[in-house]
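Visitor: For reference, the chains in residue letters:
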Amino acid sequence: MAMMKFQTVERDSFFTKLDFRPKLLMMTVISIVAFVWENPIMEATLAILIIVSCLLVGVRWGYIRTVLLIMSPFYVILLLTHGFFNVDQVKTVLGIQQLKPMFAIPKNWWLIGGGTMSWEGFFYGINIIFKTLCLTLIIPLGIFTTEVDNMIVGMVRSRIPYKIAFIFSSTLRFFPLLFQEIQNIIEAQRLRGLAMEKMGPVKRVRVYSKVAIPLILGAMVKSQQLEVVLQSKAFSGDSDRTYIHQSILRWLDWVLIVFFLVFFVVSLVLYIWFGIGRFFSPV
Amino acid sequence: MAKKIAVIDNISYMYPRSENFVLDRISLDIYGGEFLGLIGPTGAGKTTLCLALNGIVPQFYGGRFYGSVQIAGLDTLHYPISKLARYVGEVFEDPETQLVATSVQNEIAFAMENLKFHREEILARIPEVLAAVRLEGTELKHPAELSGGQKQRLAIAAALAVQPDLLVLDEPTSQLDPVGAEEVFATVRELNRNLGKTIVMVSHAAEEMAEFVDRLAFLSHGRLIACGKPEEIYSDIELLTRNDLRPPQVASTFYLINQKTNCKVTDVPVRLDEGKNAIVKIAKMAEFDLSSPLPEPPKYSGSPLFSVKDLKYVYHDGTEALRNISLDICEGEYVLIIGQNGAGKSTLVKHFLHLLSPTSGTVTVAGKDLEKYTVGDLARRIGYIAQNPDYQIFNATVEEEISFALKNLEFPAEIVKERTEFSLESMGLTQFRNRHPLSLPKGDRARVVIAAILAMEPEIIIFDEPTTGQDYRGARYILDLSRQLHKMGKTVIVITHHLYLMPEYAERVIVMGKGTILMDGPIRDVYHQTELLGSTFLTPPQAVLLSQELGKLNGHLCPFLTPEELSDRVVIKERQV
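Protein chains in written order, with our numbering: chain A, 130 to 412; chain B, 13 to 589.
Please keep in mind that the hints were generated in silico from the structure rather than gathered at the bench.
Fair warning: there could be bad hints in the mix.
[Stated by the list, open to error] Below are the DSS-like pairs computed for lysine-lysine, each with C-alpha atoms no more than 25 angstroms apart in a straight line:
#1 B/K454 - A/K351
#2 B/K419 - A/K332
#3 B/K95 - A/K292
#4 A/K292 - B/K128
#5 B/K380 - B/K311
#6 B/K241 - B/K288
Could you put together the complete structure from these sequences and hints?
Guide: The following block contains the structure:
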């Protein structure tokens, strides 16, 4: 049977050889910049660059497509809500009194009649869509290209407490077990005659909520067992320990660190003093 | 005389919020290079004693602790657990929860990293300990990619890596199939005999413990009631029986021979080889009553309840899990399915339960293709008791638990009431009807699940590894319930690795291996196909092996299954063995 496992890229590239610290910096800088920028064209450019980078380093197109598919209903909602209803914020950001209409819904339509989609609101929605894409896809670019061991050491070297790094690695270790346990419990319920597929949504939610009881109890038992195991292995959570995996910054790592630091500073300077990155509507 | 590694001096211990001592005035010395077995029924205090050896009891749990434990000269009350971990390596029962890292090499390195070993030293020790447990070449694997036996060997390797003075193993084989258990026992024996490691091991596997350990400490109700060589402890059948412990079948057999004949076997053997020698001696002076008939399994006829034809199942990744499976199970049968992990037992049972659909072939229940049954219909016909009964408990009272599925399937209120009452009474749960199921002991929780299933009035009840992780008393308790259901006319299917438990219950055995049926027949025939069972790493009960030895000596077929059957037929002549 297939085993649930943490996803890593198969392609060996300069990016997979990088230390985790420049990647951690990259994720932080890109996330902040994407969050701050409101310019739809710049956000789109950044998102496309991230997608291309993901594909170049070996993140499967199937994964990116799944993200896009899952997010697409939200994107439609974002476009509609911003296009139709985000009027005041867009006027304030642009400093204008009137928005350009893209189209209007006939007044005689029930409930939504009379609504107007504005170009500015539409582009603000586009900005938000690419912003979320940047924030979502920068994670696999940094995480999927790094072995767990290197991530842990990289996090510790970046002064993240070892306890947090350990929680992160244990999650990766125990998630498949938890997933298996959920499967077993759902199967056990099914074998007691609970045909989920024939239940209405309310009843289904009620029955699914019952999965939580054995799951939580099982998790509590396991967590206490785990605590005893950790004690017996001299675990204290203290970062003052040795590591078999090394985290060494090579010249390429330094190049990336310098690049992202410069990018961060320049982006903020351009944004604050020259307004580059602020929202504008191409139409 | 060997050096003392651990000195346990008159310790007593009570867990927080408990009123009873789980360890009661225990004194025990553990010597360098020895292999000490800790035995006793569930609740005897074995695990607590193991945890006292590295200070987790009482430092981690708290509670009241009296006396002292010294490891390598360090008092466990005065040194932190993290320091004591350098001297005591612990291996636990559950292969899943005790592996904390995401690769084999990280797992081994983990404790050494915590103890601040130099990186170079850690890297040097990893291949050494992997070689010691025969897991070379697995350094980069994820623990989930290993089999159960390999996981436990990895846990042993991780404990060994810090080069502890004492290696403590708490029921390391109880969750494993026979191959995994054999791997672990063989590894531990090699570590003890070849590398001189001091071992303390808890196990219910009496036959293996008799074979491998130097000394046994017998705990009951928190007290050390006996300590001595395996031949001293395991030959005292009355002491073991009084304390709900199962002796090796060799010892039971010769104990019964002593009881039933007026001629005594002076030293009751506890190991198979000794038993075979003793049988040779007995054969020279005994006659065997082979004329008295042995119980025959009942004949079942009529159209089958379960029918499997040319079943094949291939997983999505291309693994062929089942092939050429054809079998019929008639109403009222008690069927045992055995085989290694990966033999296809669970996959077959999942087809019975319609959790999987055949890649090709058919599975029918009462003549109707399983594909045509709804989930509700199937639950009315087939009851399934999982290895862990807690997975099947969802409700706040025993009564609600029993009526849960009936209500979900929208049975009329009077039927729900009637069947709930019947199930409560049949399983002796009436007094617990308002208790929370999870407040009951594990055996009773299984009883609640069985009662809930009984309420559905299924014709077939499947027990999936009900004896795994149970002590002898717990396993017998659940199997006695299965017999009760069988007597009520239910068709019972049991999957277990514990062959020695089943002769009193099962009538028919299906042996599976590599996705196919290797043999299907009456239990007496199958258990005596020792070569076939051996080929799939299943070990027949010692009584079967002794019977075969007897058969070789007297030239007759001796198809006995239990110590009782064998000893019943020995008629000793008037001479001392």
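Visitor: Against this structure, judge whether each hint is valid.
Guide: Here's how the hints hold up against the structure:
| no. | hint | verdict |
| --- | --- | --- |
| 1 | B/K454 - A/K351 | holds, 16 angstroms |
| 2 | B/K419 - A/K332 | holds, 13 angstroms |
| 3 | B/K95 - A/K292 | holds, 19 angstroms |
| 4 | A/K292 - B/K128 | holds, 16 angstroms |
| 5 | B/K380 - B/K311 | holds, 24 angstroms |
| 6 | B/K241 - B/K288 | holds, 20 angstroms |
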